Amino acid sequence: MNFSDYIQKIDRRYIFIILAIAVILPLLFPLGLPTFTTPPVLSLYKHIDEAAGTDDRAVFMDFAQSPSTLPELYPMDLAILRHCFLRDIKVLTISYYPQGAAIMQMAISEVKEDFPDVKQDVDYCNFGFRNFALRVPITLGMGDNIAEAVETNAAGRRLENLPIMEKLKNYDNIQVCMEISGAAPGIIYINYARARYGVDVAIGVTAVSAADNYPYLQTGQLVGLLGGLKGAAEYEELVETFANNDIPYSEKKAQNLSWRNQQYELSKVPYKFKQARIGMDAQAVAHVLIIIFIIIGNIGYFIEKRQDKNKYVK
Amino acid sequence: MNKLYKILFFLVIVSLCFNLSLSAAPKIVPNDEPIRDLKISDFPHDDGGGLVITWEPLPKEKRILEYRVFRGFTPDSLFRIGKIPVNPKTGVVADTMKYTNAGYTFFVDATSPAKLKHEPGQRKGSNAEKILYREYPRDIKVYAPMLEHYRILTVIPADKYLYNSRMKVKTQIDTLEDGTVDTTSSTYAGLKLRQFKYILTKLKPGKEYYYAVQAVNKYRDRSPLSKIVSATPVDNPPEKLKEFYSVAYTDTKEMKFEWSLPFFKTDQKQFNIYLYDANGEKHKIFSRATAYPYTSQSNATVSFEEIKNKFEPFNSQNMQWYRFNISLKDRQDMETLAKDEPIPAEITTTEVLPEPPEHFTVRDNPDDKGDKNLIYFGKPYVTIPKISYNDDFTELLVNYDIKDNELFKVKHAIFEVDGVSEKEYVLDRKVEFDVDPDNLPNEIKTRFICYDHGLELPEDYEVIHRFSYNERLQVVDIEPPKGANYSVQVLRMNKTGGGPQANVWRFPKELTYVEREYPDKVDYEEVVYRGISDYSIEDNILYTSTYYLVGTSEEERAYYTTALYLKQLEKNRKELKKQIQSLKDKKSQAEDEEQKTALDQQIMELTSKLEDVPPVVKEANAKKSNKARMKLLQKKHNNDVRSFRYFLRKTDGKGHFIDTPIYTNADGQEYFKPKPNWFKNKETITLIAMLIFGVLVFFMIRAARKGKNLYIRPIAGIQEIDNAIGRATEMGRPILFVPGTSGISDVATLAGLAILGKVAKKAAEFETRILVPVRNYIVLPIAQEIVKEAHYEAGRPDTFDKNSVFYITNAQFAFVSGVNGIMVREQTATNFYMGMFWAESLLMTETGNMTGAIQIAGTDAITQLPFFITTCDYTLIGEELYAASAYLSKQPMILGTLKAQDYMKFLIVVSVVLGTILSTLKLTFFMKWFPAK
Amino acid sequence: MMETIGIWVAAFLTLSMFSFLYKDNPFYKFAEHLFVGASMGYFIPYTFFNVFIPYAYNPLFLRHNYWLIIPFVIGLGYWFRFSNNLGWLSRYPIAFSMGIVGMGVPMSIHAQILVQMRTMMLPLTNINLILIFIGTVSILLYFFFSKAHEGLYGKFTSVGIWFMMVGFGASFGYTVMARLSLLIGRLQFLLGDWLGLIK
Amino acid sequence: MKRTIPLLIVMILGMMFVVHTFVPHKISQDFYNWYQTWLKVMVSFAVILGVGSLLMVHTNKIKRKAPAWGYSWLTILALVGTSAAGFIWGIEDGTPYMWIFENVNAPLGATMFSLLAFYMASAAYKAFRARSMEATLLLIAAIIVMLGRVSIGNAITEWIPDITQWILNVPNLAAKRAIKLGVGLGMTATSLKIILGIERTYLGGGKQ
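Chains as they are written, first to last, in my numbering: chain C, 1 to 314; chain S, 1 to 933; chain H, 1 to 199; chain F, 1 to 208.
If you are wondering where the hints come from, they were derived from the structure by calculation, not from laboratory data.
Among the hints, a few may not be true.
[Claimed, not checked] List of simulated lysine-lysine pairs, PhoX-like, C-alpha gap at most 20 Å: (1) S:LYS933 - S:LYS682; (2) S:LYS509 - S:LYS680; (3) S:LYS574 - S:LYS623; (4) S:LYS802 - F:LYS65; (5) S:LYS98 - S:LYS115; (6) F:LYS65 - S:LYS372; (7) C:LYS272 - S:LYS89; (8) C:LYS169 - S:LYS242; (9) H:LYS155 - C:LYS9; (10) S:LYS609 - S:LYS372; (11) S:LYS6 - H:LYS147; (12) F:LYS65 - S:LYS521; (13) C:LYS46 - S:LYS386; (14) S:LYS654 - S:LYS509; (15) F:LYS65 - S:LYS788; (16) F:LYS63 - S:LYS673; (17) S:LYS609 - S:LYS584; (18) F:LYS63 - S:LYS933; (19) S:LYS680 - F:LYS26; (20) S:LYS567 - S:LYS160; (21) H:LYS155 - S:LYS708; (22) F:LYS63 - S:LYS802.
No experiment lies behind these values; they were computed from the predicted model shown.
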């Protein structure tokens, strides 16, 4: 049995075990592979980052999630909230799904653990759960007056009395309307908030439904889109390199890979803020592995073919 | 020894896992405490029919699955009325949970539980003992006596109410103070519970209700019941309207008011507008009933003259002194003013107003079942959602969206940037321009070329959008065009609505400034709403009020209510006549002139009630049977409630609005009722294509029957079938055939089964065993018969084994696990996969590769083809699967259809090539014959 | 307690399923047979409570919609499927359910043929559109069964095959990520929920 | 009676449905609703076929003492156990029935599904051979798209994501469109054969 035979006949089980290891190891010991940002993610990041340090601009987040989409969408929730807290951007959150409200609470409290200075109702405001039937009236009403449309925060306090709402009046003060959703997202904001009040809308969706939403990006109805784990990983990375150092995004710095790598010290970050990248590490390793499998298999095949040819000539 | 090591190793691993998992095990706390902090409060702004219950949620360690809410009108028997499901893993992080019991909520229907049952698992010694019941049962003995403790609304299918209800007369005998006996009888419509769609309840104001909450965890353990709280719903004044604007137009001598609609719509009666004079005194100058249950108008025009009628000293010269306010009044006549301080009017002229929407037209919406009117107006418009540059700013990409309507159907659009114009022959929603990077444009003009069948568009009509490049964000900002703050409200009124005084228009839709068309939904009326007046436990029957409404085209009364039954009608007439007679008797005895005229008046009224009946009702009343009568009335009723007239109002929401007149078409028709259509015009091309195909099939089958030789080219996979079966025979191992994983109505399954017949026959001839696992149980017997028949045909009925065609299960992955098991255990030499497959395809074919089987697949599932192609030896791609089944069958009928299919395909290719050439030459008519979606 | 047992059961069954990658073994057989039985067992009450009760029992017995006796009786025909003499009774419900394929004739002409045709007729304004056009036409001709793939025509149809192969390769590559996500999900369950090694 | 009437039912209903697609009238909608109502009643009985088939297969195995017949007991036990749990305690969340679903059915299904990742790897290794022009194209397209989906692609060259997008938008689109059209035509033809009574496979064999 020569080398080519060996390669050709290698038992599948070795492939399986190599793949399993290749997926398990990055999960246990994060690699910190570089992430490359795609335009829809970058555009969203830049839009949100524009509001840094201002007190009359806020990011509005709608959590339309359910537990089944948690693995893909939850890292997005954390990354965006972290971005806002790091860069002193005001955040307003709402959910029209009871389960989404629970996830919203969970995400806020999990991110807030690392930011003792960030204060509820000053730096962020959780509007809490609203009945789904109120979605259109509230979305429309916010164009005129947020405090009147939403009325109270999750704790039942009137919005007009809250410090955060002092300069946040209507959609003019909303930097981005972000909906993170496992179902058909964004439509309500595109149709009402965008069409009528010209608000910038962005969405976070699962990888499967990302393809369906690209047309909205092309027509400009969405300013950004996070698709699945990959989108979340890209956003996480942007937050890590720029927001974590409290610097605004800059094209030059982004293109400077060595500078980027300096900023990119994955190990210091808690697991929750790198889970998307860890998942993507595993994906990348597995993808490369499969490609290597294909190449090795073909090398074996060509050697064998040449040997066969030689045999024939003889 | 070796074995011992293995066992030891295994034990070490298991114990390690066990230790790890123990430390990872989630903490769970038993669900043995009641929920705390249960509070109850009144629901704001309502009619006294709502209460809100709040409580503190339990920690997530308790793995709560749902919170159940119980309600009763006495504290000793509470019924389950609802639940709030919770995700047991994440729990509820908020501080409070809320359950709102407001408005009409479900009470009981025919599918409610049969008997009254206690909630299970009520803990002994807790205060929950024996007072908790499950949902309200459908047992009349239980629910009927409760009806009086709530407000009731029933929903009845119209047919059941009109044709199947039973008339019941109930006579009440009262002895009056003066000793005379007064009998009043009223008529009801009797219905069994099963005839109702369902019955709804709402709380009664001023009555005390009791609530309690119980938490149920993931293992169905119930927490002890919370304490029982009680409250009395209170009728509240309506909410404050959030916005109110008043504008005085001095040239037309009128005022326009606009306000925002309240959120709680159920309890509202009218909007009243007040004028405050210089002394601060309040005068009602306008009032309008709300359109409940439909959306009400949110604006009004009041002329100075009308104001003067209500408030005599009114002088428009003093307008700057007047202040205005609006109130909302509910049905209990409670009133709330919108503004704390009345506001002055904006004084202006109608010059500030835009032009009203032009070319406003209403007609029946085509191609529907008769539930839409089509409304359109205005000239075509284009929206520009996005403009972007390429990297070096030499190209400008504009995304656009055309908004047009029946009158102006846009054929082509011409875009112009910096004097360069681009004609869009195919409206593909994007257009590109070459631009000068040093001198970026800031304006785009659009002109339209419309089809001839509508109106002619003025030559100079164009839409202009202005934009600029935002350096900071690196995007193009597009300015909102002029008039973007105006929207168009569609207002409608049916034949029973209002009359001139009431002027209650419904407001079904607000369209943005870009919209040019709106199909207005006019639903068929399928249910009626009635209250319950009485019940009879013995007869198991509920009684509702009896009346029915038809429109009259009269000014004074917009609608006429009539009785439901002929007998009732007769009875009513008799009573009326009797009353008239008694009045007449009285009159003849009366001496006083004044009394006589008063009596005359009464007689007149009653006589007109008796005789002044709309013609339709008269006609209906002459019918012999109830059914015939109601049929006629129902027809009239449906016609009246579904015929609408329309006008449009263009408004900025701040009191600047302008109306179109009510639309009347060329025939003078004002009311429009949607017509059900008999043919979908859009599908004409489908019909033609279908007919062409049908004719091809007919001729090809005829040709095939006549024995004409129909050539079919060889298909690779089919020719390999014999070899593959031969291989299995040589190896002495069985064949596996999976006829897809879909059902019998899937075309691919049928093709797969047809191929199964041929494969099974060959296998029988070669005496090779064939295994057919089936996922769909309807396919199973068919597959069995096919294989059986194949054995008969091959002349080997003895070798047929019924157990070789078998069902596994219909769960997708369980099925795969079974098939994989078979492949490995039976060591099948050849595997066929023919039919529809989903994600399971690769799981099977790779296992087949592991066992070293030859594999032939065929599927029309585009998503799975890549996996079959890569892992199988031969694959029938898409249509080849159908062709293969025809090819193998050799039946003239089937071959004929395959041939027809081929010719059809040829036609398709020819028309696609033709269409592409034409459209490339900017002739798009051919392409537009085909449907876009 | 039930939760911990649940995680252990799930972990055991997950590992048993994975063991098939090594070879067929009793653990896999156990998991496979359990899965088959439990999946069918899940299906029965599910159909009973979600289909039979609301659509057959309630309308007929509680709402007295007596017309439904007819489909009720026809539906019972399914039960005779395995009988040798009365098996034909089951053809009635099957035939009834097949009726809807009639809708398939115009619907697939409309959605799968005419609409597709229109999208193919876009003007050829750039190279990509021309490539799509050539690809589509050549693949359509590949599926033309009345002419053998020979000569120039054969060459043209093989262009169609190339297009298809590139398409299939792309689909394969595109799906890898989604499938790997599933695997990562399972491994996260084993490593996280069960063993607590991550998080 | 045994074959002709069912065939007639299919033909008549089939024709009616053809007409239904062209007629938007309310009557046509009502016909469709009627059909749905009746169909729902009928299909609720079909499940018995599945149970019957499964029990027959496994009791048969046990009777014949077929290989691994002992496991058939397990299947029957799981079947009876799960459905009994459903009938006794109901099928809401938190019942034993749902416990079985969450801890047996769901992980088993998910695991079986996740095996696909392994099989894709082995299929890539074993089957992606540049044997011919076609196979080479397939292999190259797959590699490029795989690279384009992860960050490594960008690291190699910026072109990879663009090429990926091009492959998905151009050749892939052409292939999908054309196959879909062919399949659509085949489906139309088969549906037509069914309502014309040419295709009778679904009635099962037998000459009765």
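Hints, one by one, checked against the model:
1. With a C-alpha separation of about 11 Å, the suggested pairing of LYS933 (chain S) with LYS682 (chain S) holds against the 20 Å cut-off.
2. For the suggested pair LYS509 (chain S) and LYS680 (chain S), the alpha carbons sit about 26 Å apart, so the restraint of at most 20 Å is broken.
3. With a C-alpha separation of about 18 Å, the suggested pair LYS574 (chain S) and LYS623 (chain S) falls inside the 20 Å cut-off, and the hint holds.
4. For the hint pairing LYS802 (chain S) with LYS65 (chain F), the CA-to-CA distance comes to about 16 Å; that is within 20 Å, so the pair holds.
5. Distance restraint check for LYS98 (chain S) and LYS115 (chain S): the Cα-Cα separation of roughly 30 Å exceeds the 20 Å cut-off, and the hinted pair is therefore not satisfied.
6. The suggested pairing of LYS65 (chain F) with LYS372 (chain S) is violated, with an alpha-carbon distance near 66 Å, which exceeds 20 Å.
7. Distance check on the hinted pair: LYS272 (chain C) and LYS89 (chain S) sit about 17 Å apart at the alpha-carbon level, within 20 Å; holds.
8. The hinted pair formed by LYS169 (chain C) and LYS242 (chain S) meets the criterion: a straight-line CA distance of about 15 Å does not exceed 20 Å.
9. Between LYS155 (chain H) and LYS9 (chain C) the CA atoms are separated by roughly 35 Å; this puts the pair beyond 20 Å, and the hint is violated.
10. Between LYS609 (chain S) and LYS372 (chain S) the alpha-carbon distance is near 36 Å, which puts this suggested pair outside the 20 Å criterion.
11. About 64 Å separates the Cα atoms of LYS6 (chain S) and LYS147 (chain H), which puts this hinted pair outside 20 Å; it is violated.
12. In summary, the hint linking LYS65 (chain F) to LYS521 (chain S) is not supported, as the alpha carbons are separated by about 65 Å, beyond the 20 Å threshold.
13. At roughly 18 Å between alpha-carbon atoms, LYS46 (chain C) and LYS386 (chain S) fall within 20 Å of each other, so this suggested pair holds.
14. Note on LYS654 (chain S) and LYS509 (chain S): the hinted pairing holds, with a Cα-Cα distance of about 17 Å set against a maximum of 20 Å.
15. Between LYS65 (chain F) and LYS788 (chain S) the alpha-carbon distance is near 23 Å, which puts this suggested pair outside the 20 Å criterion.
16. A C-alpha spacing of about 69 Å is found between LYS63 (chain F) and LYS673 (chain S), which places the hinted pair above 20 Å, so the restraint is violated.
17. Straight-line distance between C-alpha atoms of LYS609 (chain S) and LYS584 (chain S) comes to about 16 Å, which keeps the hinted pair within the 20 Å bound.
18. Straight-line distance between C-alpha atoms of LYS63 (chain F) and LYS933 (chain S) comes to about 56 Å, which puts the hinted pair past the 20 Å bound.
19. A distance of roughly 13 Å separates the Cα atoms of LYS680 (chain S) and LYS26 (chain F); the hinted pair therefore holds under the 20 Å criterion.
20. This hinted pair checks out: LYS567 (chain S) and LYS160 (chain S) have alpha carbons roughly 18 Å apart, not beyond 20 Å.
21. With a C-alpha separation of about 29 Å, the suggested pairing of LYS155 (chain H) with LYS708 (chain S) is violated against the 20 Å cut-off.
22. With a C-alpha separation of about 14 Å, the suggested pair LYS63 (chain F) and LYS802 (chain S) falls inside the 20 Å cut-off, and the hint holds.
The earlier numbered hints that this structure contradicts are 2, 5, 6, 9, 10, 11, 12, 15, 16, 18, 21.
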